[in-house]
Each structure stands twice: as structure tokens, then as C-alpha cells.
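Quick note, the sequences are listed as chains A and B, same order.
Start counting the first sequence at 159; every next residue gets the next number (the working numbering).
Start counting the second sequence at 434; every next residue gets the next number (the working numbering).
Read the hints as simulated data drawn from the structure, not as lab findings.
Hints are not guaranteed to be accurate.
Simulated crosslink set (SDA-like; lysine to any residue; CA at most 20 Å straight-line) [stated by the list, open to error]:
hint: 1; chain 1: B; residue 1: 594; chain 2: A; residue 2: 273
hint: 2; chain 1: A; residue 1: 233; chain 2: B; residue 2: 697
hint: 3; chain 1: A; residue 1: 289; chain 2: B; residue 2: 596
hint: 4; chain 1: A; residue 1: 267; chain 2: B; residue 2: 687
hint: 5; chain 1: A; residue 1: 289; chain 2: B; residue 2: 607
hint: 6; chain 1: A; residue 1: 267; chain 2: B; residue 2: 591
hint: 7; chain 1: A; residue 1: 267; chain 2: B; residue 2: 595
hint: 8; chain 1: A; residue 1: 233; chain 2: B; residue 2: 607
hint: 9; chain 1: A; residue 1: 267; chain 2: B; residue 2: 592
hint: 10; chain 1: B; residue 1: 549; chain 2: B; residue 2: 561
hint: 11; chain 1: B; residue 1: 606; chain 2: A; residue 2: 291
hint: 12; chain 1: A; residue 1: 267; chain 2: B; residue 2: 593
hint: 13; chain 1: A; residue 1: 276; chain 2: A; residue 2: 343
hint: 14; chain 1: A; residue 1: 164; chain 2: A; residue 2: 181
hint: 15; chain 1: B; residue 1: 594; chain 2: A; residue 2: 272
hint: 16; chain 1: A; residue 1: 213; chain 2: B; residue 2: 518
hint: 17; chain 1: B; residue 1: 594; chain 2: A; residue 2: 271
hint: 18; chain 1: A; residue 1: 233; chain 2: B; residue 2: 518
hint: 19; chain 1: A; residue 1: 233; chain 2: B; residue 2: 621
hint: 20; chain 1: A; residue 1: 179; chain 2: A; residue 2: 215
hint: 21; chain 1: A; residue 1: 233; chain 2: A; residue 2: 218
A few chain A positions that, by computed beta-carbon distances, are all more than 10 Å from chain B [what the hints assert, rightly or not]:
hint: 22; residue: 181
hint: 23; residue: 250
hint: 24; residue: 251
hint: 25; residue: 256
hint: 26; residue: 259
hint: 27; residue: 331
hint: 28; residue: 333
hint: 29; residue: 334
hint: 30; residue: 343
hint: 31; residue: 363
hint: 32; residue: 372
hint: 33; residue: 378
hint: 34; residue: 384
Ideal placement from N, C-alpha and C gives every residue a C-beta, glycine not left out.
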Amino acid sequence: MATMLKVNDLKVHYGSIQAIKGISFEVNEGEIVTMIGANGAGKSTTMNTVAGLLKPTEGSIEFLGKSLIGIAPHKVVNEGLSLCPEGRRIFQHLTVLENLEMGAYTRTKEEADETLQKVYNLFPRLKERYKQIAGTLSGGEQQMLAMGRALMSRPRLMMLDEPSMGLAPILVDQIFDIIVNMNKAGTTILLVEQNAQMALSVADRAYVLETGNIVNSGSGKDLLSDDSVRRAYLGG
Amino acid sequence: MLTYLINGLSLGSVYAIIALGYTMVYGIAKMLNFAHGDVIMVGGYVAFCSTSYLGLGPIPSTLFAVVVCTVLGIVVERLAYKPLRNATSLAVLITAIGVSYFLQNAALLIWSSNPKSFPNLVGSIPNIVIGELVIPSTAIVTVIANLLIMLTLTMFTGRTKMGKAMRAVSEDKGAAQLMGINVNRTISVTFAIGSGLAAIAGVLLCSAYPTLMPTTGSMPGIKAFTAAVFGGIGSIPGAMLGGILLGVIEIFAKAYISTQLSDAIVFAVLIVVLLVKPTGLLGKKVSEKV
């Protein structure tokens, strides 16, 4: 398996506060990799830094052999890396279809139309509601829209930040099924989650993040049965 | 009575065109570009020079003014506002006021403080006379130009990729960047459109009120800003509605109440509207599901 994303000794500061204290991790082609950790551990900061929204103070980020440091966030998408951000951040006043079109902003019209059909197949609900204003969708539908929108750029690697946040358990199951399906269809996934149980059960590999450091890593299965992980994140 | 209404619609249309510039820039860059009014003045002077000195016809000189103002808008944004993208809104506001003074004083240096008498660029079209009612050609052209601009902008923001990207940026810059949208370029385009519109407004305004001075743009600028807030800032139909209502109210206040008090009445109406509906007449207040 080829290494897709390689992050080395990454450090990120918010002013004088160091949020990420030198973490290294990698994502290989075809994997689902998850990063679990409590609030404030630095999971979203890591995602946002890889996507170019935050500037690291030190360290390297390589995607498909190319350094992403200093590349403007709107150009990172062109490299084949897409972030589905925390809190969904769909465009509330745009329609479902317009949101998806924005996802394909860097693509040609033909590519966008083709991908749109795939996204509709994955999320039939979005097809039913394509004319609806996105802000009026339910929480689960909004999450689907956010994921569909991120898929529209045809990413090689999709980063998902807390896709299960605020969703009912049945919807969480559904979202995770879709994540596995997207992965099977050829998209590599980097998943950040507070729902460690779910995340670890679908992940090939996982990293545990604690106050800006990676404190544990291994296969999803191993970490599910790891004592310290069970105590901290899985409730015994 | 009808004459007043026509004058009001005409003045209101000019306000509406200016207000569109305010509202679009506010919607996307979340800043109040108080130099917008002075771009109108620059547009007026450029059109004045190209007719009086270069001998261009009405349409070429208007187009020339549009081009100059569009470039001016882009340059001002790049030099004055872009470095402040992450600064507090107060810093941006003060800078905008600074740009406004800069443009006025530059105009003072180039064209001096003597008022120039602006040639009526739409005067070649005959007025329409229905019985005793005379509809000035300026009014007709202004209202039609306003409608066309409004339609074009609505189509642009609703149908084109760039237009949709603008709406996306206005809602969430970070998410828009994640889509691959170049936020800086989108903001530049917005300034370009707003300033181009200001040039058209300048030509129309000066055709109706033919005294051109370096401060010509200030008052219409402030009124149009009021119109934008009145209609709901950030909303394109709101700017249109706000502008027209403001123009009509102003003319009627002048005609029936008092010329001196007309501005006070206009602003009083604004205050009342904001008290009743703080987001303006067509302001967005979408309840969001979470």
C-alpha cells in the first residue's frame, strides 16, 4: 500500500497556545484511518491544518509525495484532498443542488454531472430534495449533504470531521455505513470522531490524540480491546 | 402628483443602483465600503471628461467610466482592504472612510473645487409627453437601467458558477475555501461589479442633477447606504426596494412637507423601519435547523 498522506512532527499554535505538539501520522491508499480523542485534543486542528485553513508552525505535510505546506486552502482541493468540516458547514441559503455544485467548483461541468449521479446514488435523499434550501434539511440530511458535497470534488482522500456529531444513533449507523461504502468505492478516509466505538469498529488503523500528542496507535481492532483506550473513550 | 412619483422613481432608481454596490460588498466582504459614494463621483468626472474633452458619445463615455471605476474598485480593494482581511471591522471601516477622503481630495487636485456642469448624457432621447404629464427621458433611462441591472444581477448570482460562489462565500468563507473557491478573487469581482455599477449611477445621477463636485458622491452614497439597510443589507431585491422607496419618500417629503426637512424625514423613516424590523424590509432571517 502506497502512503497517501504523511504528516511529520506537526506543530500548530493558536497565538501563544500550542494546540498540536509535534504529531506524526500517515494514511495509506485505500484505508480508513481514524483519529479519536476528547474535546480539545487537537483533532479538528489537525484536519484544518492539513486542509490548509491553519498554518503549522513546524513540521511537514506531504500528500501523494507533494508538500502541502504553504499551499492556499482553495488549491488543496485540486490536489485530491477534501475536508468535510466539523459542524457540516453547508451553505444554508443555497439549495441542495447548488451546495453540491459548489463542491465540484474545481471540476468541469461534465465531471460534475457525472459525479453528481454517483453522489445521488449514494444519497438518494439528496436527489429527492435537490431543490430544497439546505438550511431546512434535517440534521442527518445536512450531514449527508456535507459528505456528498465533499465527494463532488472527486477526492482521493476524504477527511471527515465528526460526521456523527449531534445525530440520533440510528442516523449514526447510517452515516458510518455510507463511510464504509465510500471507502469501498475507492476513496481513502481519514476520520475524526468522538464516537470512538463506532470509529474504531470501521477503521483499519487508528491514532489516539490527547492534548496535542499522539499517545497510542494501532489497528482499529487492537485499540478497541486496549485497556487504556477502553477506560478513557469507551466507558469501561 | 404623478410628476413627483416619476421623479421619485427616478431618484430612487439611482439610489437602488448605488445600494446594490453597498449590499453586495457587505454581503460578501462583510464590510461597509464608505468610499462607495466617491466612486460615483469619479465615474461622473470620467464621463464628464470623456464627453467634454475627448468628444466621446454618451454610451462610449459611460462605458469608459464603468471601466475606470471597475479598475479603481479592484485597486482600492487590493491596496486598502485586502491587507485588513483578518483585522477588526472597525479598522476596515476607518480605512474605508480614509479611502473616501483620499478619493475626494484626489478629485479636488485633478478637477478643482469649481462645480462642473455635467452634460445630460441621455438628453438626446426625447421626453415622453402624455397630455400635461412630461416624463423626462432621464427618468425613463434611469428606471430601465435599474431594472436591467437588477435582472442581470439576479441571474448572475442565481445561475452562474461565479455568482453561486459569491453567495457561498458570503455565507461561509472557510467552507467556500474548502470547495476550492478562491475567496480573494471572489471579493475582487464583487468590488469590480459594485464599482462598475457606481459609475453607471454616477452618470445617471449627474444627468439628472448636473452639478459635479468632488463631494457629489457623499450624500447619495449615504442615502444609498440607508436604502440598503432599509431594504435589508445583503439582499439584492432589498437594495432595489429600499432605494426606490427612499427616493419616492424623499421627493414626496420635499414636495409636500418641507425641502429642508426631507432628509430628516427620510432618516426618520429608516429609524422607524429598523425599530419594527431590525433586519430591514427584506432582510434575511432564516431559522436554521441544527
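Tested hints:
1. 594/B to 273/A: Answer holds: residue 594/B to residue 273/A is near 17 Å, not above 20 Å.
2. 233/A to 697/B: With Cα atoms ~50 Å apart, residue 233/A and residue 697/B exceed 20 Å; violated.
3. 289/A to 596/B: Holds. Residue 289/A to residue 596/B sits at ~17 Å (cutoff 20 Å).
4. 267/A to 687/B: Not OK: residue 267/A and residue 687/B at ~53 Å, beyond 20 Å, violated.
5. 289/A to 607/B: violated (24 Å)
6. 267/A to 591/B: holds (17 Å)
7. 267/A to 595/B: holds (13 Å)
8. 233/A to 607/B: holds (13 Å)
9. 267/A to 592/B: holds (13 Å)
10. 549/B to 561/B: violated (28 Å)
11. 606/B to 291/A: Answer holds: residue 606/B to residue 291/A is near 19 Å, not above 20 Å.
12. 267/A to 593/B: holds (12 Å)
13. 276/A to 343/A: holds (10 Å)
14. 164/A to 181/A: Answer holds: residue 164/A to residue 181/A is near 11 Å, not above 20 Å.
15. 594/B to 272/A: holds (17 Å)
16. 213/A to 518/B: holds (16 Å)
17. 594/B to 271/A: Measuring from Cα to Cα gives roughly 14 Å; hence the hint holds.
18. 233/A to 518/B: The hint holds at about 19 Å.
19. 233/A to 621/B: Since the Cα atoms of residue 233/A and residue 621/B sit roughly 18 Å apart, the hinted pair holds (cutoff 20 Å).
20. 179/A to 215/A: holds (10 Å)
21. 233/A to 218/A: Holds, at roughly 17 Å.
22. 181: Non-interface label on residue 181/A holds, nearest chain B Cβ at 22 Å vs cutoff 10 Å.
23. 250: violated (6 Å)
24. 251: Incorrect as stated: the minimum Cβ-Cβ distance to chain B is 6 Å, not above 10 Å.
25. 256: violated (5 Å)
26. 259: At about 6 Å from chain B, residue 259/A fails to clear the 10 Å cut-off, so the statement is violated.
27. 331: Correct as stated: the minimum Cβ-Cβ distance to chain B is 20 Å, above 10 Å.
28. 333: holds (16 Å)
29. 334: holds (21 Å)
30. 343: holds (21 Å)
31. 363: Since the minimum Cβ distance to chain B is about 25 Å, residue 363/A lies beyond 10 Å and the statement holds.
32. 372: Non-interface label on residue 372/A holds, nearest chain B Cβ at 24 Å vs cutoff 10 Å.
33. 378: Fine: 27 Å to the nearest Cβ keeps residue 378/A off the interface.
34. 384: For residue 384/A, whose nearest Cβ neighbour in chain B is about 33 Å away, the distance exceeds 10 Å, so it holds.
Violation of the numbered hints given earlier is confined to hints 2, 4, 5, 10, 23, 24, 25, 26; the remaining hints are satisfied by the structure.
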